[in-house]
Amino acid sequence: MKNHRSILLTLALLPMLASAQERYATRSGLISFFSETPVENIEAHNRKVSSVLDVTSGAFQFAVVIKSFEFEKALMQEHFNENYMESNTYPKADFKGTVEGFGSAQLATPGEHKVTVSGDLTIHGVTQKVSHPGTITVAKDGTFKAVSDFIIKPEDHGIKIPGVVRKNIAEEITVKVRMDYAKM
Amino acid sequence: MRIKTIIAVGAVVAVVAGVFAWREYSRGHKDTASREVAQTITAGDLLAAFRADEAAATARFVGTSEQVIAVSGIIREMGQEADGRWNVTLETGEDPGVECEFTAVPTQWTTGTQVTVKGICTGMDDLFGHILMQRCVAAE
Numbered sequence: 559m560k561n562h563r564s565i566l567l568t569l570a571l572l573p574m575l576a577s578a579q580e581r582y583a584t585r586s587g588l589i590s591f592f593s594e595t596p597v598e599n600i601e602a603h604n605r606k607v608s609s610v611l612d613v614t615s616g617a618f619q620f621a622v623v624i625k626s627f628e629f630e631k632a633l634m635q636e637h638f639n640e641n642y643m644e645s646n647t648y649p650k651a652d653f654k655g656t657v658e659g660f661g662s663a664q665l666a667t668p669g670e671h672k673v674t675v676s677g678d679l680t681i682h683g684v685t686q687k688v689s690h691p692g693t694i695t696v697a698k699d700g701t702f703k704a705v706s707d708f709i710i711k712p713e714d715h716g717i718k719i720p721g722v723v724r725k726n727i728a729e730e731i732t733v734k735v736r737m738d739y740a741k742m
Numbered sequence: 005m006r007i008k009t010i011i012a013v014g015a016v017v018a019v020v021a022g023v024f025a026w027r028e029y030s031r032g033h034k035d036t037a038s039r040e041v042a043q044t045i046t047a048g049d050l051l052a053a054f055r056a057d058e059a060a061a062t063a064r065f066v067g068t069s070e071q072v073i074a075v076s077g078i079i080r081e082m083g084q085e086a087d088g089r090w091n092v093t094l095e096t097g098e099d100p101g102v103e104c105e106f107t108a109v110p111t112q113w114t115t116g117t118q119v120t121v122k123g124i125c126t127g128m129d130d131l132f133g134h135i136l137m138q139r140c141v142a143a144e
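Chains A and B are the protein sequences, given in the same order.
Residue numbering for the first sequence follows the numbering used here, starting at 559 and increasing by one per position.
Residue numbering for the second sequence follows the numbering used here, starting at 5 and increasing by one per position.
By construction, these hints were calculated from the structure, which means they are not laboratory data.
There's no promise every hint is true.
[What the hints assert, rightly or not] Pairwise CB distance ranges (calculated): (1) B/Ala25 <-> A/Val684: 30 to 40 Å; (2) A/Thr667 <-> B/Trp26: 51 to 61 Å; (3) B/Thr114 <-> A/Gly721: 32 to 42 Å; (4) A/Asp678 <-> B/Arg89: 29 to 39 Å; (5) A/Gly661 <-> B/Gly83: 22 to 32 Å; (6) B/Gln118 <-> A/Gly721: 35 to 45 Å; (7) A/Thr595 <-> B/Glu40: 33 to 43 Å; (8) A/Glu729 <-> B/Gln112: 48 to 58 Å.
[To be verified] Derived, one-sided and incomplete: chain B residues facing chain A with beta-carbon distance under 10 Å: (9) Tyr29; (10) Gly32; (11) His33; (12) Thr36; (13) Glu40; (14) Ala56; (15) Glu58; (16) Val66; (17) Ser69; (18) Cys125; (19) His134; (20) Leu136.
[Unchecked claim] Derived DSS-like pairs (lysine-lysine); straight-line CA-CA distance at most 30 Å: (21) A/Lys725 <-> A/Lys698; (22) B/Lys34 <-> A/Lys631; (23) B/Lys34 <-> A/Lys650; (24) B/Lys8 <-> A/Lys718; (25) A/Lys734 <-> B/Lys8; (26) B/Lys34 <-> A/Lys725.
Computed from a prediction, not measured in an experiment: that's the story for all the values here.
The C-beta atom is built at its ideal place from N, Cα and C for all residues, glycine as well.
This is chain A alone, in the form it adopts within the complex (with noise of 0.2 Å):
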């Protein structure tokens, strides 16, 4: 009788064990925004972007500390924690959502290919509904890169530009995003 709940556990159990197996992960992806406008050019990086992805089921999560996004200059590093991200009161940014186009079958092919990552993105406190191509190369050792560039506005989260620095700060920010993945 022993026996056959062992069996019939270690049965129930296999597939989370399968998914568990498929995790890959970084700890330090880059997320890099750029603001082009006549008046200025705008620029940031965070090089400590986690993210997990289950290549089975094609969920994925990232994790943005708003604070660890670094400018060259300390004044807009402030005024952007400060005055436009409010990073005191939403210190984190997120997105959650599935990855289509890559699949175990991917996994197991080195090489480029084209992917579409749906979900939720959060930030400053706003979820909206976003979907954006993207591309994962795959190496021979199994690891695989992802990269996406894509647009999004301010006004569509809620952060407010004041009148006078509207023309230093583009409406439409270009976001890019590079993460090396690795098996948990």
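Starting from the known structure of chain A, arrange chain B on it as the hints suggest.
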């Protein structure tokens, strides 16, 4: 004569204000090594503080405006990224560590070395629970 004086004073004020504004606009980040330490704590206690009450720990160690904290601990792992930056993880006694980013690390540092790090704490990562530190330097 009086108008000329007013114009001259106004011009000087404008130039001084312009120079101040430009310097403030183009100001870089302060050197971490020369800044005063606002908080001193061990890596294990820092993680424990964030786990116990993240909001309170964020207020204390991240602060409403940027501050430098000193964190001591044993190096669990360290490695250099492709862009030349170093990531040093301090042991906490738990799975999540304190992750410190450096532009350069002392040559004698290796896994197991007891160190004290000065840096800017930016918060706790939601997925892995690590505590993140930037612009780090070795405390003397």
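To see whether the hints hold, each was checked on the structure:
{"no.": "1", "hint": "B/Ala25 <-> A/Val684: 30 to 40 Å", "result": "holds (33 Å)"}
{"no.": "2", "hint": "A/Thr667 <-> B/Trp26: 51 to 61 Å", "result": "holds (54 Å)"}
{"no.": "3", "hint": "B/Thr114 <-> A/Gly721: 32 to 42 Å", "result": "violated (54 Å)"}
{"no.": "4", "hint": "A/Asp678 <-> B/Arg89: 29 to 39 Å", "result": "holds (31 Å)"}
{"no.": "5", "hint": "A/Gly661 <-> B/Gly83: 22 to 32 Å", "result": "holds (30 Å)"}
{"no.": "6", "hint": "B/Gln118 <-> A/Gly721: 35 to 45 Å", "result": "violated (53 Å)"}
{"no.": "7", "hint": "A/Thr595 <-> B/Glu40: 33 to 43 Å", "result": "holds (37 Å)"}
{"no.": "8", "hint": "A/Glu729 <-> B/Gln112: 48 to 58 Å", "result": "holds (50 Å)"}
{"no.": "9", "hint": "Tyr29", "result": "holds (6 Å)"}
{"no.": "10", "hint": "Gly32", "result": "holds (6 Å)"}
{"no.": "11", "hint": "His33", "result": "holds (5 Å)"}
{"no.": "12", "hint": "Thr36", "result": "violated (12 Å)"}
{"no.": "13", "hint": "Glu40", "result": "violated (17 Å)"}
{"no.": "14", "hint": "Ala56", "result": "violated (17 Å)"}
{"no.": "15", "hint": "Glu58", "result": "holds (9 Å)"}
{"no.": "16", "hint": "Val66", "result": "holds (6 Å)"}
{"no.": "17", "hint": "Ser69", "result": "holds (7 Å)"}
{"no.": "18", "hint": "Cys125", "result": "holds (9 Å)"}
{"no.": "19", "hint": "His134", "result": "holds (7 Å)"}
{"no.": "20", "hint": "Leu136", "result": "holds (5 Å)"}
{"no.": "21", "hint": "A/Lys725 <-> A/Lys698", "result": "violated (47 Å)"}
{"no.": "22", "hint": "B/Lys34 <-> A/Lys631", "result": "holds (10 Å)"}
{"no.": "23", "hint": "B/Lys34 <-> A/Lys650", "result": "holds (24 Å)"}
{"no.": "24", "hint": "B/Lys8 <-> A/Lys718", "result": "violated (43 Å)"}
{"no.": "25", "hint": "A/Lys734 <-> B/Lys8", "result": "violated (54 Å)"}
{"no.": "26", "hint": "B/Lys34 <-> A/Lys725", "result": "holds (28 Å)"}
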